[in-house]
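Trainee: Given next are the chains, with one letter for each unit.
Number of protein chains: 2
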Amino acid sequence: MYYLLYPKRTYLIVSGKGNKRNVMAADWLMPLSDKPFLVGVAISPKNFSYQLISENKEFVISVPTLEMLDDVWIVGRNHGPEKLKETKLTFVPSVKIETPGIKEAAANLECKVIDTKKYGNYTFFVGEVIHYTYNKEIFPNNRPDVKKAKFLAHSSWAEFVVNEEKIYRKG
Amino acid sequence: MYYLLYPKRTYLIVSGKGNKRNVMAADWLMPLSDKPFLVGVAISPKNFSYQLISENKEFVISVPTLEMLDDVWIVGRNHGPEKLKETKLTFVPSVKIETPGIKEAAANLECKVIDTKKYGNYTFFVGEVIHYTYNKEIFPNNRPDVKKAKFLAHSSWAEFVVNEEKIYRKG
Numbered sequence: 014m015y016y017l018l019y020p021k022r023t024y025l026i027v028s029g030k031g032n033k034r035n036v037m038a039a040d041w042l043m044p045l046s047d048k049p050f051l052v053g054v055a056i057s058p059k060n061f062s063y064q065l066i067s068e069n070k071e072f073v074i075s076v077p078t079l080e081m082l083d084d085v086w087i088v089g090r091n092h093g094p095e096k097l098k099e100t101k102l103t104f105v106p107s108v109k110i111e112t113p114g115i116k117e118a119a120a121n122l123e124c125k126v127i128d129t130k131k132y133g134n135y136t137f138f139v140g141e142v143i144h145y146t147y148n149k150e151i152f153p154n155n156r157p158d159v160k161k162a163k164f165l166a167h168s169s170w171a172e173f174v175v176n177e178e179k180i181y182r183k184g
Numbered sequence: 014m015y016y017l018l019y020p021k022r023t024y025l026i027v028s029g030k031g032n033k034r035n036v037m038a039a040d041w042l043m044p045l046s047d048k049p050f051l052v053g054v055a056i057s058p059k060n061f062s063y064q065l066i067s068e069n070k071e072f073v074i075s076v077p078t079l080e081m082l083d084d085v086w087i088v089g090r091n092h093g094p095e096k097l098k099e100t101k102l103t104f105v106p107s108v109k110i111e112t113p114g115i116k117e118a119a120a121n122l123e124c125k126v127i128d129t130k131k132y133g134n135y136t137f138f139v140g141e142v143i144h145y146t147y148n149k150e151i152f153p154n155n156r157p158d159v160k161k162a163k164f165l166a167h168s169s170w171a172e173f174v175v176n177e178e179k180i181y182r183k184g
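Chains as they are written, first to last, in the working numbering: chain A, 14 to 184; chain B, 14 to 184.
Each hint should be verified, as a subset may be incorrect.
Copies of the same chain look alike in the list, so a pair counts if it fits in one copy or across any two.
Each computed EDC-like pair below joins lysine to aspartate or glutamate, with the alpha-carbon atoms no more than 16 Å apart [what the hints assert, rightly or not]:
| # | residue 1 | residue 2 |
| --- | --- | --- |
| 1 | K163 | E177 |
| 2 | K149 | D83 |
| 3 | K161 | E177 |
| 4 | K160 | E177 |
| 5 | K70 | D158 |
Simulated from the structure, these hints should not be mistaken for lab results. All of these numbers come straight from a predicted model, not from anything done at the bench.
Could you put the whole structure together from the sequences, leaning on the hints where they help?
Mentor: Given below as structure tokens:
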């Protein structure tokens, strides 16, 4: 019943290097610390991405927007890198690690794995974000502009929603 | 720059029991495993909630909707349980743990702490969800109905957004 915590933002995780690369969709991802900037992501050991991240100790978090929905669905539904041929995703070299980012994404966060721990039927990878690149129109002043992009969230397995443009400002 | 991962759903965390209780807002929260159902939440050791969860080894995740925005802002902005007097939140007894839930919430997930680990300047609490209650109109068929509730997400410190009602269905 983890759907009680949904809708939940979905992200892409790029893993691997050279010709052995993969992209998966992950909803179970969050910041863990701001100083240093650490993120945690839970990945099933059944995934090919799990193998690649375990081998290379690095991954990239790519932030998709509504324009990328078809490709998010393809990489989320299917296993293994063959699926990438069906997508329009373009790899771009990262600055500090060998795992590439995704050109079409609103942001790419380059992560080095600093801890790994099994919890239940998933494995929790902790990454230090050692570099990031982002679209400055979508993140002006280092904050997301919800009028400039519609960010994807899963509401159930095959259903996605996006944010409204309206902002509720407090304080 | 964790805001590159925003907007991010915000939840309420209830901690403590008897007259020593608190409620905080937390964005850094996610499922970790489905079998068993585990969740992870990152909390700063500066928070009173950190002390209460460390002492009692349990907490409740309460799922707020747009109607609760004023109270989410009050408990998120201020420290310590005195702030609760300013809110309209009502505690309700939980079924399996001593920490109460929140009546107005769309769902309450009762968690027992099974692991604690420091990552950077936050502490990661892993909870097993041993019981949950929820509003069946908002979660029919065990999935969120985004036409029935607007779920709150933080887009920056003092700005909140909600989901659109439109569903993008794939597959």
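Trainee: Work down the list of hints and note, for each, if the structure agrees.
Mentor: Here's how the hints hold up against the structure:
no.: 1; hint: K163 to E177; result: both (8 Å within a copy, 10 Å between copies)
no.: 2; hint: K149 to D83; result: neither (24 Å within a copy, 31 Å between copies)
no.: 3; hint: K161 to E177; result: both (11 Å within a copy, 15 Å between copies)
no.: 4; hint: K160 to E177; result: both (8 Å within a copy, 13 Å between copies)
no.: 5; hint: K70 to D158; result: neither (32 Å within a copy, 38 Å between copies)
The structure shown violates the earlier hints numbered 2, 5.
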